[in-house]
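**Q** Here's the letter readout for the chains.
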Amino acid sequence: MHVESKLRKPLITGGKTLKDVSEDICKRVEEKPSLSWYAAMILSNITLVVGAYAVYRTLWDGIGMWGLNKTVMWAWDITNFVWWVGIGHAGTLISAILLLFRQRWRMAINRSAEAMTIFAVICAAMFPLLHMGRLWIGLIWVLPLPNTYGSLWVNFASPLLWDVFAITTYFSVSLVFWYIGLIPDFATIRDRAKKAGRKISAFIYGGLSFGWDGAAKTWSRYETVSLVLAGLATPLVLSVHTIVSMDFATSVIPGWHTTIFPPYFVAGAIFSGFAMVLTLLIITRKVYNLEDYITIKHLELMNIVIIVTGSIVGIAYLTELFMAWYSGVEYEQYAFYNRVTGPYWWAYWSMMTCNVISPQLFWFKKIRTNIVATFIISIIVNIGMWFERFVIIVTSLHRDFLPSSWAMFYPTIYDLGMYIFTFGLFFTAFLAFSKYFPVINMAEVKSILKHTGEKIKK
Amino acid sequence: MSDKGVKFVIGIYDDEDILLDAISSVRGKGVNIHEVYSPFPVHGIEDRLGYKRSRLSIAAFCFGFLGTCLALTMMIGMMTIDWPMIIGGKDFLPLPVFIPVTFEMTVLLAAFGMVGTFLVVSDLKPWGKPKTFDLRSTDDKHVMAIEIEKNSMSEIQLKKLLESNGASETNTKLMEE
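Protein chains in written order, with our numbering: chain A, 1 to 458; chain B, 459 to 635.
Heads up, a few of these hints could be off.
[Unchecked claim] Listed next, the stretches of chain A that the computed footprint assigns to chain B, with coverage defined by at least 3 CB atoms under 8 Å from CB atoms of chain B:
no., stretch
1, 86-98
2, 185-195
3, 203-210
4, 337-344
[Stated by the list, open to error] Dumping the calculated DMTMM-like pairs for lysine to aspartate or glutamate here, alpha-carbon to alpha-carbon at most 20 Å:
no., chain 1, residue 1, chain 2, residue 2
5, A, K217, B, E621
6, B, K487, B, E634
7, A, K16, B, D473
Everything labelled a hint here was simulated from the structure, so no lab data went into it. Beta carbons are placed, not taken as given, at the ideal position from N, Cα and C, and that holds for glycine.
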């Protein structure tokens, strides 16, 4: 039997019973959505449609619609790509790494964090796919098929191709991990629908639950599958942003060509991912009255992860500056001098303020246990992490080796539209998820209810 | 005994710790438990029921190894044998650059292979019919099912045994074969 110290705060408050857990979570799926849900869904759909126009123009007229130029040939698109992929790191980190470390607080938040991961990776994938100009050909070009366009096969020495493999693997393994966790909960919804005589619901969730009946033998296998998947997903999470960082680090561009990139990018990804999880969960727990499941303790623990990863990111920024100076390479030195004081100084200092200074406020217990402060800082961190990618990408490129090639990057409305499109896509998907899927992993929460619930602590 | 189905005695348990003790004592009486159904994974239940450790991790390793081999065969076949090219001054068999894709393919095949095996051995499929002894077993109750014919005790004796071991409720259920 698991015994836990009474000093630890309960992970589930409100004196919940097993029945209450099913009731509280399934109610959202079974009831009609609230007016605020409809309002949010309509707003997301409008965003999606407005952004879709930019996608349409990009496909129809080509990527000349974007603000890229000969010098800055990668800018807005890859910034957004890295930003979304980074956000997509929190879900699997929470469900896999925290599972291996036996962190029980993950159980209330892993479902929605994983959903967020999946949607964020879809949004990220939009950018490189559309940057290929012709989406339909681009999809084939990345596959290891013989072709007649030049080199006979895809180039396995290119980090861009590693990225294709890393992101598709990450996406599909995260999806499978998420779905396996959903099966027992779908069975709960199915059986509740059967009891209440809702035939259509029972049929749909019956199909989704794969005929799950909760037999001890199946649970035993399920636990093995979860553990091994967590073991596989842990290095996978770390590999994805490592490989994304290699898109830059293996080049010879000053400001990109650094060995610190992989750990620095991974820490940054976890940092931004947790910030987005916080933003979404603070809204979700409020709208769906889940304060007893996603408690202040959960938010505080996530804030601690933010302090740790934010500090790693801060140290990485300073290390980069030091190494640029210490390397003695004038191009490297200029790249960083230009980053800090050049025409994009405002982006650099926004990044420093948002990412290095703001998370340090979480050292104060009052701030890290305050919902409003957490919400604001989580958004600031997300903005800061967007600027980080923009700074790394654009400031390293815009002042080329030859001053005659120097240029500035200005986004067009189509660049903005593409970004807006992904927001519409992300929120539409997340809202649909929060309506039709159980937002909290009921089976896992039930398994810890007895030992970490409020009743046992009294 | 009906012609149409198999008759089970089921015991409903409210608490996982009572359930675990009940499994041990019921099995100690020589009763053969058909299966126990729970709304969440109960730790230690496999040992009490005498289940062996799942071998799915071995399946994961085998599929993962297959992924490693496939990835290396693919890349060596394309970049070393079929169309050798010098990229970045590396030789025709640049093993370090093959590491990322090999790793990803290993993880991909291990994960999909293991999950696929899990679904097949556990008979989980979209058109699968759950074996529901009691609808509450996915909500808040643990259900222990004992097939009457496979045991020497009578229905009443089995019910008494379950009740004496903490079952909050006992029923008889006819299941289709």
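**Q** A separate judgement is required for each hint: does it hold in the structure or not?
**A** Verification of the hints:
1. With 0 residues bearing a CB less than 8 Å from a CB of chain B, the stretch 86-98 of chain A misses the requirement of three and the coverage assertion fails.
2. Against chain B, the stretch 185-195 of chain A contributes 7 residues with a C-beta closer than 8 Å to a partner C-beta. That satisfies the three-residue criterion, and the hint holds.
3. By the rule of at least three residues with a Cβ nearer than 8 Å to a Cβ of chain B, the coverage given for the stretch 203-210 of chain A holds, with 5 such residues.
4. For the stretch 337-344 of chain A, the stated coverage by chain B is violated: 0 residues have a C-beta nearer than 8 Å to a C-beta of that chain, whereas at least 3 were required.
5. Taken as a hint, the K217/A and E621/B pair is broken in the structure, with Cα atoms around 24 Å apart against an allowance of 20 Å.
6. Distance hint between K487/B and E634/B is unfulfilled; the C-alpha atoms sit about 27 Å from each other, more than 20 Å.
7. Between the alpha carbons of K16/A and D473/B the distance comes to roughly 14 Å, so the proposed pair stays at or under 20 Å and holds.
The earlier numbered hints that this structure contradicts are 1, 4, 5, 6.
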